[in-house]
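Visitor: The primary structure of each chain is shown beneath.
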Amino acid sequence: MIVRPHPTFFEKTFAIHGSILVAILPKVLFACLTGLAAYLVHSDDDPFFAFTPFTALGVAISLFLGFRNNACYERWWEGRKQWGAQVICTRNLARTCLTFLGSEVSIDDVGVAGIEIDETNPKSPTSRSIASIISSLGVCHSHLLRGQLRGIWLSGHPKPPNPSYPADAVVDALKYAPEGHHESLANAKNQPDAALRLAASWVQRCLATQTIDTIAAQSILKDLNDLSSVQGACERLSTALVPFPYSLLVHRTIIFYIVLAPFAMAGDLGQYTAPFNAIVAYTFFGLDEVARQMEQPFGDEPLCLSMSAICRTIETSVKEAFGEEASPPLAPDQRHCLM
Amino acid sequence: MIVRPHPTFFEKTFAIHGSILVAILPKVLFACLTGLAAYLVHSDDDPFFAFTPFTALGVAISLFLGFRNNACYERWWEGRKQWGAQVICTRNLARTCLTFLGSEVSIDDVGVAGIEIDETNPKSPTSRSIASIISSLGVCHSHLLRGQLRGIWLSGHPKPPNPSYPADAVVDALKYAPEGHHESLANAKNQPDAALRLAASWVQRCLATQTIDTIAAQSILKDLNDLSSVQGACERLSTALVPFPYSLLVHRTIIFYIVLAPFAMAGDLGQYTAPFNAIVAYTFFGLDEVARQMEQPFGDEPLCLSMSAICRTIETSVKEAFGEEASPPLAPDQRHCLM
Amino acid sequence: MIVRPHPTFFEKTFAIHGSILVAILPKVLFACLTGLAAYLVHSDDDPFFAFTPFTALGVAISLFLGFRNNACYERWWEGRKQWGAQVICTRNLARTCLTFLGSEVSIDDVGVAGIEIDETNPKSPTSRSIASIISSLGVCHSHLLRGQLRGIWLSGHPKPPNPSYPADAVVDALKYAPEGHHESLANAKNQPDAALRLAASWVQRCLATQTIDTIAAQSILKDLNDLSSVQGACERLSTALVPFPYSLLVHRTIIFYIVLAPFAMAGDLGQYTAPFNAIVAYTFFGLDEVARQMEQPFGDEPLCLSMSAICRTIETSVKEAFGEEASPPLAPDQRHCLM
Amino acid sequence: MIVRPHPTFFEKTFAIHGSILVAILPKVLFACLTGLAAYLVHSDDDPFFAFTPFTALGVAISLFLGFRNNACYERWWEGRKQWGAQVICTRNLARTCLTFLGSEVSIDDVGVAGIEIDETNPKSPTSRSIASIISSLGVCHSHLLRGQLRGIWLSGHPKPPNPSYPADAVVDALKYAPEGHHESLANAKNQPDAALRLAASWVQRCLATQTIDTIAAQSILKDLNDLSSVQGACERLSTALVPFPYSLLVHRTIIFYIVLAPFAMAGDLGQYTAPFNAIVAYTFFGLDEVARQMEQPFGDEPLCLSMSAICRTIETSVKEAFGEEASPPLAPDQRHCLM
Amino acid sequence: MIVRPHPTFFEKTFAIHGSILVAILPKVLFACLTGLAAYLVHSDDDPFFAFTPFTALGVAISLFLGFRNNACYERWWEGRKQWGAQVICTRNLARTCLTFLGSEVSIDDVGVAGIEIDETNPKSPTSRSIASIISSLGVCHSHLLRGQLRGIWLSGHPKPPNPSYPADAVVDALKYAPEGHHESLANAKNQPDAALRLAASWVQRCLATQTIDTIAAQSILKDLNDLSSVQGACERLSTALVPFPYSLLVHRTIIFYIVLAPFAMAGDLGQYTAPFNAIVAYTFFGLDEVARQMEQPFGDEPLCLSMSAICRTIETSVKEAFGEEASPPLAPDQRHCLM
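Chains as they are written, first to last, in the numbering used here: chain A, 10 to 348; chain B, 10 to 348; chain C, 10 to 348; chain D, 10 to 348; chain E, 10 to 348.
Treat each hint with caution, since some may be false.
For identical chains, the list gives no copy identity; a pair is met inside one copy or between any two copies.
[Claimed, not checked] Keeping only pairs whose Cα atoms sit at most 25 Å apart, straight-line, the calculated BS3-like set for lysine-lysine is:
#, residue 1, residue 2
1, Lys90, Lys328
2, Lys198, Lys328
3, Lys21, Lys198
4, Lys21, Lys184
5, Lys328, Lys21
6, Lys184, Lys198
These are calculated hints, taken from the structure and not from any lab test. These numbers were taken from a predicted model, which means no experiment stands behind them.
One chain only, chain A, in its complex shape:
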């Protein structure tokens, strides 16, 4: 995500970082060339076409671009809302666990049923509080979800730009899961879902030992269900793109316009045909490119969501809830980009 909150007039006029001009430069130059060709071959006496019929194509382009842009922005914004909900749900989970379980109930109190805990490992002491274990599994879920989403996105690529992303996410995630869960998490087909199931197994443990009553279990399960909703919505966004024919219709209609309209404009615009066509191409392809990047909000292109930074926010919230030291928030890089 590009983070430049208060740009000045000149930054807005000449900024390169954060602009999509670089990404569409070849297309803009192509429009320059067709404009130049139209200027060179046209004659004032016998113009190829009048411009008026092009209003029909203009109507179609504005319809297609407008629709696709709206649809993609709404996908992007829904993706951001879901990750915002992930932050809220993890905080709620920690608050609920602390309220109903307190910070004293530990593994010793509820036992370990169906879960392998290496009791000899000092890093997963059985005295760890259950509230903290369940809440940390929420953080674990966030990291695994980040990895899963980027993995879905990468798998469609011929050359993944950064294949270590999902692996990184799993490493981050395992820091927040008790040692005994590592194997079952790593082997799961749907890793984030497995994290939620493991959290629920602790709730069941607490119920079985009557540490909490069914009301409290209902409240904790409600928070886990909310995390599950976020995951389901993100999976939907990353597997169901805007139907493919839209991008074809937009793309092809703009190509028609950029190639044909200069021949209709050359009589009116003369030597200015090429730059004018380039400006029109900049606006049309620019919006098309912004829409394309926002269509898949969980990728790693400049406009995609800063899921790593959000995961850090989630870590901080849960750590603070249990009085642990939190890492500082992630900052954007020199190109104003925050992932």
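Following the hints, complete the assembly by docking chains B, C, D and E onto the known chain A.
Guide: For chains B, C, D and E alone, kept in the frame of chain A given last:
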């Protein structure tokens, strides 16, 4: 659903699979013909019409196409959201059942009231866990819903393209229901609803034997209600289409435009009238066709939702929750189509 | 509602049933006449107006029509969503009642407080299950709501087209209410609300006799509240139409356009002025008429919602839940119309 | 609110009541004058401007008007939805109270803590049922909310058109509150909020005397929270208008257009400039005026919401629930206006 | 926020305060200059360009401006809705606490676990009611959220216009937190979240001492979760702006239009080119500026939300609930601005 996540510039310019060009080719050729006719009969001295009045028709077409496209896309997206919710709800159901029932409570504990279970059949042992039975009925509900929706869609067809679809879905569904339920499911007028009712009958059984308390029953019923909401919304989408007159208005106004506008453009465009009219027809009929396919998101046309693949995802989630081996996810065919 | 799910190209071009052409024919002919008048009185030397200033009116019309059409479609779709929710809620109510009350708890167990039951009447035996009574009151609520909504709609008419509608609905409704409730239902100012209150009185009876606990009562009340929400939303839709000035603005601006524009077009279009004006009138008044019919989704015009068919679906679901024989679903008439 | 559900063609063409023509007549006449001036000073040889550049202004106006109209309509419709929710919530409150409290539990049973009840007053007998007291406080809340909203709206006026409105609402409200609450209600800074707090104090009383359990209290509080949500949303709508600059931008751009465009049209339209400009002004200012009235849905202009009629509906529902005689619904006045 | 509820015709035509004219004056003057330059260098015989091709740019600008304006308005309105929800949730929290805890349960009853209370300080007596402490922490949360949001906004500025804002908010917030919480609140990385956690710790305390049951705790936690949702949504709005490339596309396309279009209009408009270009610039840059201010609803520019006034409303509601004297509401300053 067409699955081509990262198309290149040339794929977008020349792709055939996933394009709707093939579907509307006859209409585009028809526009070529009217354009050719207009070019042949027009005379520069006495044009039939000026183009200007056609802006009124252009306004109407952009209004109709824009509205219908938005309405149909929202239907398609709501359909996808509902199936995404189906995934979420089935996972929640499994998590809730495991938490409140554990994996040990079995048919032996709660008895079998009002449900015929063939105890001699080794495939439906009475020792099967209730949590697994209820969760599997969620998977069963998904398959039955898929069959029901495709059945509603097919019933409007003169020649159903693949009449075995709904039957397939029932076969898949019955794998996830205890043997004793097969007959009542098969005879039900509304099969998915019957699956939910059967799941609720197990909850009642657990209540009657005091295996769970009313709080836990409330939680499980809540998940069943969520599945019921998905079903109701899908039934609504498949029985209440965008009002019929819209597609008439769109269709007829485009026909008027495609037939009449060339006579107004022939003076300006000359020999280019026919290809230009074909391009305009491609954009208008293209959007119309995309909208038509998305209007019924539960059909089996290329843009319709990949309900079979989603059902597989649901199967995987529930199987993993009970430690069973899951089948691999469905993959798109050579034409990039995933159903 | 018009039900023609898979129309062919020719059906879409020439269909009469389901088209709104018949409803707006007088207006289209009126446009023909003004077009003819303009053609007859115009002279090529001294045209009345240029067409260009009409773009301002065109902007206004597209704004008004587009807005009104969106608003009315959203009303229609919200109406359909509410009735879809009615289906979902009634099913949920039956499932909840069966789970918490089972099918054995009967009037004999809870007594009859404050409700007159004619115990001598064989059709309302005191051994009837409470779950069935409460669920049937949900069906009763659906029929009464249908009657109430159509009654509100009819009351604005000079000549009600079919005054027996609401009465029919009450007859259908009373079949699903115990005999003892008939009088209080018939006398209620707000009949559907009374049905919900009667259902709640049975819940209170069960509470008072400790047949269920407060958790179960909370769940059943939740389902009744959902039915109440549907009712409230439908009452809102049927009493608060799109503000009246909008339809005036749309109507008058189209009239201005249809009357004046031909005089600006006659110079360009000559003898084609009249048919062209008729086509423009068809598109503008066509959209206006579709919007008008959808504005009141609970009326009995062709585009209005098929509330009777939905009530039949509700009946079927509840009957199946209690093992009773259900009637077949309603089918559209020869004009493809399903009410 | 204007109530004319089934207007005929002629009513729509010539209606005065319910039209906003009267409100914008001065502006339409102003447009006539500028059109007349343009006609008088123009000369065919040397027109002031060409009309083409005005398309840029037309784009801006359609953008501004379209946006502002949508925003204001959504405010109006949200206001109506909230009041519809108020109806639903009050009915739910009565149903919930009757179910959990029955009609027998009275002040005698729960005592009167912290609330002054004049026991000598025959109109507030201590034998009154608690269910009825709490439900009536819901009606009281509706009336107080109506008064509060109209009071916020009036306070911005130089000359309040009917200053007795809020006072009337308070009088209506107090009829539904026990005598002992009158003083604390009248003195509260936020009267509707105080009504909800008083209702909650009765719930607390019931809890303290163990008349109900915490589940029942939770259900009743949920209904009170829903009423609180409606109130909060209405306060938001009435204090946060569409940002002021929008109405300036719309207003000023229309003024520019109405003043300048005639000078561009006079060459084309000649003597028809003045009426044509008036028609354009009617459409633009008409939409602007409709938007202005809908922006503040809780005022007392013709398009504002019929809050008094809705309060009467609420009264009826609660009275029927307790078997009391209800007043007839309010009817629109001769100008088809229902407030 | 600009507060001018009932402006007259002349106020709307000539108002300065609340207009955004001042903010965009340099850009309007720049448009004057380019218009003047175009007028001076143009010649009637050889115009630079025809205006017609500019319709393509006009389409792009209307698309960009329309989209960005909608997106920003929705952000602003969502921000306002969230703060409206904050008001509702705080009122609900007070009502819930009073109902389940009453006003008598005090620190003496539940003890002070894990929280340092300076018992020698007369301002935080241990006899203070728990209901009041928890509710006041809701007010505290509101102030801290206000400070946090303005802090995020300020941190992007080169010169913060009023750096004391967030500090002020913390001072206001601490008035509503018990003394013993001051240090942990001040040191928290996420202060508002810490306030909610402290409130939950009191709920846990009440649970541990069995002052309330788990149902009541569930209800209070639900209200805290709602406050947490508001906070999460506000953090999302303030950290995820509309993607940066949009403002570049809008800005640059307007600049192109303002610089180039005069050369196409000079032939038609002559001496009126400069003022006409200024009017067009006013409308385009005006909308751009309104959108820019609304994009960040939590800043301190004139159109930003009046968070201080809303916090005062929240204070009033909670104070009234506990019978304390409330401060008067904040009023707009002379420039009609309310922050």
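Visitor: For each hint given before, does the structure comply? Return the numbers of the non-compliant ones in rising order.
Guide: 3, 4 and 5
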